[in-house]
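There are 2 protein chains.
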Amino acid sequence: MTTRVYNFNPGPAALPLPVLERVRDELLDYKGTGMSVMEMSHRSQEFSRILEEAIARIKRLLKLDDRFQVLFLQGGASLQFCMVPMNLALTGKPIDYIDTGTWSSKAIQEAKILGKDVRVIASSEDKEYSYIPGNFSVDEDASYLHITSNNTIRGTQWKSFPNTGGIPLVADMSSDIFSRVFDPSPFGLIYAGAQKNAGPAGVTIVIIRKDMLERVPPELPTMLKYTTYAEKNSLYNTPPCFAIYVVGLVMEWLEEEIGGLEKMEAINRSKAEMLYSCIDEIEMYRGTAHPDSRSMMNVTFRLPTPELEKKFVEEAAQRGLVGLKGHRSVGGCRASLYNAVPVEAVEKLVEFMREFARNN
Amino acid sequence: MTTRVYNFNPGPAALPLPVLERVRDELLDYKGTGMSVMEMSHRSQEFSRILEEAIARIKRLLKLDDRFQVLFLQGGASLQFCMVPMNLALTGKPIDYIDTGTWSSKAIQEAKILGKDVRVIASSEDKEYSYIPGNFSVDEDASYLHITSNNTIRGTQWKSFPNTGGIPLVADMSSDIFSRVFDPSPFGLIYAGAQKNAGPAGVTIVIIRKDMLERVPPELPTMLKYTTYAEKNSLYNTPPCFAIYVVGLVMEWLEEEIGGLEKMEAINRSKAEMLYSCIDEIEMYRGTAHPDSRSMMNVTFRLPTPELEKKFVEEAAQRGLVGLKGHRSVGGCRASLYNAVPVEAVEKLVEFMREFARNN
Ligand SMILES: Cc1ncc(COP(=O)(O)O)c(C=O)c1O
Ligand SMILES: Cc1ncc(COP(=O)(O)O)c(C=O)c1O
Ligand SMILES: [Mg+2]
Ligand SMILES: [Mg+2]
Ligand SMILES: [Mg+2]
Ligand SMILES: [Mg+2]
Numbered sequence: 001m002t003t004r005v006y007n008f009n010p011g012p013a014a015l016p017l018p019v020l021e022r023v024r025d026e027l028l029d030y031k032g033t034g035m036s037v038m039e040m041s042h043r044s045q046e047f048s049r050i051l052e053e054a055i056a057r058i059k060r061l062l063k064l065d066d067r068f069q070v071l072f073l074q075g076g077a078s079l080q081f082c083m084v085p086m087n088l089a090l091t092g093k094p095i096d097y098i099d100t101g102t103w104s105s106k107a108i109q110e111a112k113i114l115g116k117d118v119r120v121i122a123s124s125e126d127k128e129y130s131y132i133p134g135n136f137s138v139d140e141d142a143s144y145l146h147i148t149s150n151n152t153i154r155g156t157q158w159k160s161f162p163n164t165g166g167i168p169l170v171a172d173m174s175s176d177i178f179s180r181v182f183d184p185s186p187f188g189l190i191y192a193g194a195q196k197n198a199g200p201a202g203v204t205i206v207i208i209r210k211d212m213l214e215r216v217p218p219e220l221p222t223m224l225k226y227t228t229y230a231e232k233n234s235l236y237n238t239p240p241c242f243a244i245y246v247v248g249l250v251m252e253w254l255e256e257e258i259g260g261l262e263k264m265e266a267i268n269r270s271k272a273e274m275l276y277s278c279i280d281e282i283e284m285y286r287g288t289a290h291p292d293s294r295s296m297m298n299v300t301f302r303l304p305t306p307e308l309e310k311k312f313v314e315e316a317a318q319r320g321l322v323g324l325k326g327h328r329s330v331g332g333c334r335a336s337l338y339n340a341v342p343v344e345a346v347e348k349l350v351e352f353m354r355e356f357a358r359n360n
Numbered sequence: 001m002t003t004r005v006y007n008f009n010p011g012p013a014a015l016p017l018p019v020l021e022r023v024r025d026e027l028l029d030y031k032g033t034g035m036s037v038m039e040m041s042h043r044s045q046e047f048s049r050i051l052e053e054a055i056a057r058i059k060r061l062l063k064l065d066d067r068f069q070v071l072f073l074q075g076g077a078s079l080q081f082c083m084v085p086m087n088l089a090l091t092g093k094p095i096d097y098i099d100t101g102t103w104s105s106k107a108i109q110e111a112k113i114l115g116k117d118v119r120v121i122a123s124s125e126d127k128e129y130s131y132i133p134g135n136f137s138v139d140e141d142a143s144y145l146h147i148t149s150n151n152t153i154r155g156t157q158w159k160s161f162p163n164t165g166g167i168p169l170v171a172d173m174s175s176d177i178f179s180r181v182f183d184p185s186p187f188g189l190i191y192a193g194a195q196k197n198a199g200p201a202g203v204t205i206v207i208i209r210k211d212m213l214e215r216v217p218p219e220l221p222t223m224l225k226y227t228t229y230a231e232k233n234s235l236y237n238t239p240p241c242f243a244i245y246v247v248g249l250v251m252e253w254l255e256e257e258i259g260g261l262e263k264m265e266a267i268n269r270s271k272a273e274m275l276y277s278c279i280d281e282i283e284m285y286r287g288t289a290h291p292d293s294r295s296m297m298n299v300t301f302r303l304p305t306p307e308l309e310k311k312f313v314e315e316a317a318q319r320g321l322v323g324l325k326g327h328r329s330v331g332g333c334r335a336s337l338y339n340a341v342p343v344e345a346v347e348k349l350v351e352f353m354r355e356f357a358r359n360n
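So the protein sequences, as listed, match chains A and B. Numbering (UniProt numbering) for the first sequence: 1 to 360. Numbering (UniProt numbering) for the second sequence: 1 to 360.
Calculated from the structure, these hints are not laboratory results. All clues stand as given, with none of them false.
Some chain B residues well away from chain A (every beta-carbon gap over 10 Å; in silico):
1. S48
2. L90
3. I153
4. K159
5. V216
6. C278
7. T305
8. E314
9. G331
Each computed DSBU-like pair below joins lysine-lysine, with the alpha-carbon atoms no more than 35 Å apart:
10. A:K106 with B:K232
11. A:K210 with B:K112
12. A:K63 with A:K210
13. B:K31 with A:K310
Stretches of chain A that chain B covers, calculated by requiring three or more beta carbons in the stretch to come under 8 Å of a beta carbon on chain B:
14. 17-30
15. 74-82
16. 108-120
For each residue, glycine too, the CB sits at the ideal point set by N, CA and C.
Input sequences plus hints: build the corresponding full structure.
This is how it looks when you write it as structure tokens:
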């Protein structure tokens, strides 16, 4: 018999059970083709349909109009840290960044390696990245402004996106894409490694506003140019077919079982509120993010001692509540409540947290 | 009921049935973890074991000693076309290439885009890339010599690798890695998109001789440096975990069910001989590759007219023999006989070819 745990992993992370069941059932014979999706040509009609449907669902879910194009790349969000400035930096125009922790810091670092003119216009480093900066002004001559919409490690999240007065926004949405509704119009580019809210590791979703493609320098290596993917609908070379297929199934689940991002956001909000209430209420737990910057996706908290945290994580795992250890760079505890984590999992976690607090 | 076809796809391509069955059976609960491999942290003990085992099996199968390191990257073989020269070209030393068709040509093109000093020391372009050049001399001052071990499109394959007198060989082995035994010592680097002989699309295997890492320019973007992957055992960022898992299972199948590369090579040789004999024997079929350059992996052939070729491909598909259309750039027919294509599939194909010739 299959026993499934409650999975609070930060990424790769929980996938919707109905999606996994579909993948299992179709694994040896995809819709009567007599082969697995892993064995199909990326230029076959069947895969073409999988690709088109995944794109169409992403566009509907995010309410992207035809100014935007959805691309599938490889290399993780980390490759985007260098691809974005390579492709979108304009000569003589600085790139503005807001530094909200590890991932923004790495993005900044890669732009610097490329020798770009980087301006960090705001940072929350002064308080261990425990908040989202509110006080900054975007250079009106900037190539673009880069932000990380959700800091997976520190558990902070932009509640609304900065007004850039027409400067394109670029966002690393790896850990909160598809978790809530937002207006895509200020965005020039959005990228996300799929492995938190959208599918398995091994595919990166890039959403680009088509006018941004005009910025791409012609002399870049072919595989590092967004135009290569845009012109060939992500089929210049062999894409990560199976990962795209799973992303498509996750999008189908979001549209057809959940009912879209408004509904998903409401569920995510109630899960997060349930957990933050427990943290606030019980003396033993202390949230690490500033209340107005708290992430709905990654709930970070501490217990009085590292020993108690260790015990907490271990006892939780014994109860089938796994993935609760904080990121190795900051310690503590973290519960990632991505879309595929059911309300029931959070209920069980809160139940366990109450009990653990009573007994320790 | 599951009906499986005989799959002659050029890549993504057939996978061993026992591997697919394992993937299916473990999909919701990998070895009692209560989660799918797709849901596991890449830093978990379980995934670490999957990764280490895949590496160990690749090293054993290819008889790689500790001078070599096995890395898992993303971006396909196509990304390697630019990464190799970025990382391994030495200042003031030209890069030598042998051009055996589309894939070598693309590799050459990417080195040129980077402004490298490229020398094409041999090419079979004069005869539509129907043979592997035999007459060339490697520049004794070259950074390295790049070859494509098997031309997937033209159906040509290097029978033995060129003697470079100490200049490191670099090979794109995308379409024949793990198909036969070879001596790895002259190689500085080997790369292969997994989607032909090693697993699903979405992971690129890179085998690097460790001394080559000293060439990597420190100022490259982090994700484009081999040192990043080498220093972190392919875990600098989230690797394509699921694809690596499937590669590991294919390697297990190669070692434990097939019995290693000597045995695999013998099987591959007998499959290819069976098909080439049929082509040579029957008037209607004409092999396109020069006999001494014929690939054991991709058997390319023509029928008298494009109309007959179309009919051939369609009738074959009706019999459950799929993927026989030649590459869109060259037309004709192609049967890819990768490791996972069973002898039985080739027998059925030959049977059909005899019948088709009689009836047309
Ligand atoms: C916000 C954010 N950006 C980037 C990354 C790095 O992603 P990848 O491992 O796909 O390169 C992560 C990984 O956790 C992340 O959370
Ligand atoms: C020999 C060879 N090299 C490179 C490639 C391109 O590989 P990818 O699609 O993984 O970039 C192929 C694809 O068929 C190939 O056959
Ligand atoms: Mg972060
Ligand atoms: Mg509290
Ligand atoms: Mg080729
Ligand atoms: Mg003949």
